[in-house]
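Taken in sequence, the protein lines are chains U and C. Everything in the first sequence is counted per this note's numbering, starting at 182 for the first residue and increasing by one. Everything in the second sequence is counted per this note's numbering, starting at 182 for the first residue and increasing by one.
Quick caveat, the hints were computed from the structure, so don't treat them as lab data. Each hint should be verified, as a subset may be incorrect.
The list cannot tell twin chains apart, which means a pair is met if one copy fits it or any two copies do.
Stated by the list, open to error - Calculated lysine-lysine pairs in the DSSO-like style (CA-CA distance at most 27 Å, straight line):
no., residue 1, residue 2
1, K275, K248
2, K373, K296
3, K220, K208
4, K426, K379
5, K427, K309
6, K302, K272
7, K373, K427
8, K188, K306
9, K372, K282
10, K432, K309
11, K424, K248
12, K411, K277
Number of protein chains: 2
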Amino acid sequence: MKKKIKKVNAAILIIGNEILSGRTQDKNIAFISNWLNTKCGITVNEVRIIPDVEKNIIENIKILSKKFNYVFTTGGIGPTHDDITAQSISKAFKLKYEYHKEAYEILENYYGKKKFNDGRKKMAKMPKGSKLIYNPSSAAPGFITKNVFSLPGVPSILNSMIDNCKKYLVKGLRVHSKTINLYTVESNISKKLGMIQKKFKRNVDIGSYPFFRLGKIGVAIVIRSISISKIRNVNKELIRMAKSKKIEILKI
Amino acid sequence: MKKKIKKVNAAILIIGNEILSGRTQDKNIAFISNWLNTKCGITVNEVRIIPDVEKNIIENIKILSKKFNYVFTTGGIGPTHDDITAQSISKAFKLKYEYHKEAYEILENYYGKKKFNDGRKKMAKMPKGSKLIYNPSSAAPGFITKNVFSLPGVPSILNSMIDNCKKYLVKGLRVHSKTINLYTVESNISKKLGMIQKKFKRNVDIGSYPFFRLGKIGVAIVIRSISISKIRNVNKELIRMAKSKKIEILKI
């Protein structure tokens, strides 16, 4: 077994005009981020959404692959002219863009020799030396090039593939979280909350998010840490704060 | 009236651990991007999501404000310890972080002198020389510092404020779009689609997005351009392609 290292991070690079233009509501960011944290102990530290433009993809792959342990891209690996992720990553890493033998076989087998047209063949082309991420829903595989994992943009297909990334990832420590919902406004607790965050400043993150529910205003306090005992201690302080300020705690 | 310039672009910077961790599904990107395009003719060219960390905010504000005509930030302008957008932008632009007189008056008036505590006062502090973006839902204003527009993270509040940004923006030409939905698979049309994109390469963008509806697989082709007549011409070619390939067009 590999030794667990403390902090492993990742970036997500969403490639697609449809997300950038607001036409399509992204669903992949939250899914990938949750999966990475809960299944692999990997924290997403940055997300970028960029257009289907080669220059932009190359530039961002270069920057993010240096800055983070892993990069997950979504989108641009289908058969159409606007699918340029594979050739752009090849250029970013100065690798040949060529047919992957196994991917070619998988796709030829899936479509049948007669129906294996140029568009479909394109999905077997990727940066030289890439490893495949198998696709149980629609055959066309994703691929891993150095520390970059390329997945499709369609959420249902991406979701079906993500577990196949797991064996290639070095695991880190999972960030746990606990949420406490208070019927109050942020400005009523901001001072005390800041004091609690200061007291527990090492490796605990306290976030505060207003919400509206059934006509009432509240604040969700989210405690995040790799240490469950630290979360428990912060939670105790928050309950104490709520009681002393006579704030109702919402049970969910 | 200001003369319309051809291309005006923007970036969106989402500041918040809750989005990055996957806890909260972002809704602001699609909303801001749609609003900028339809109401102001401004195209969003890049989105970044970063944590509530001063160093990251400063770095991204510096880069994005140079690279794009406008930057829209969301999140981190409330009263709690994790709200550090205003002071970080002050540092990015080397501006004093101080009380904005009018913002102070608005908030003091809203809460009443007795209830105007430190957390609430904090929301009146911003980079020196900022202009206010009025907030009809919860008083605390957003602010404009150079070409950076800072809005809150709560979608309902952001939505209520965005029209107040309009008068400060130079308008560009709106990108129009038309979608045609075909009951086919991408790889069946990818070659022809590429040829049509090549033919209309100047200022028309053809995107192809698979969908699943009522158990049937289809492809949404989105044509985007500032020229409505070019969109019409591409649309005609797509209908011709569908007919020649006997592909059913989905009427919505």
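Verification of the hints:
no.: 1; hint: K275 x K248; in the structure: both (18 Å within a copy, 26 Å between copies)
no.: 2; hint: K373 x K296; in the structure: between (66 Å within a copy, 16 Å between copies)
no.: 3; hint: K220 x K208; in the structure: both (18 Å within a copy, 25 Å between copies)
no.: 4; hint: K426 x K379; in the structure: within (20 Å within a copy, 66 Å between copies)
no.: 5; hint: K427 x K309; in the structure: neither (63 Å within a copy, 38 Å between copies)
no.: 6; hint: K302 x K272; in the structure: within (20 Å within a copy, 51 Å between copies)
no.: 7; hint: K373 x K427; in the structure: within (14 Å within a copy, 67 Å between copies)
no.: 8; hint: K188 x K306; in the structure: neither (33 Å within a copy, 35 Å between copies)
no.: 9; hint: K372 x K282; in the structure: between (61 Å within a copy, 22 Å between copies)
no.: 10; hint: K432 x K309; in the structure: neither (54 Å within a copy, 42 Å between copies)
no.: 11; hint: K424 x K248; in the structure: neither (44 Å within a copy, 49 Å between copies)
no.: 12; hint: K411 x K277; in the structure: neither (49 Å within a copy, 36 Å between copies)
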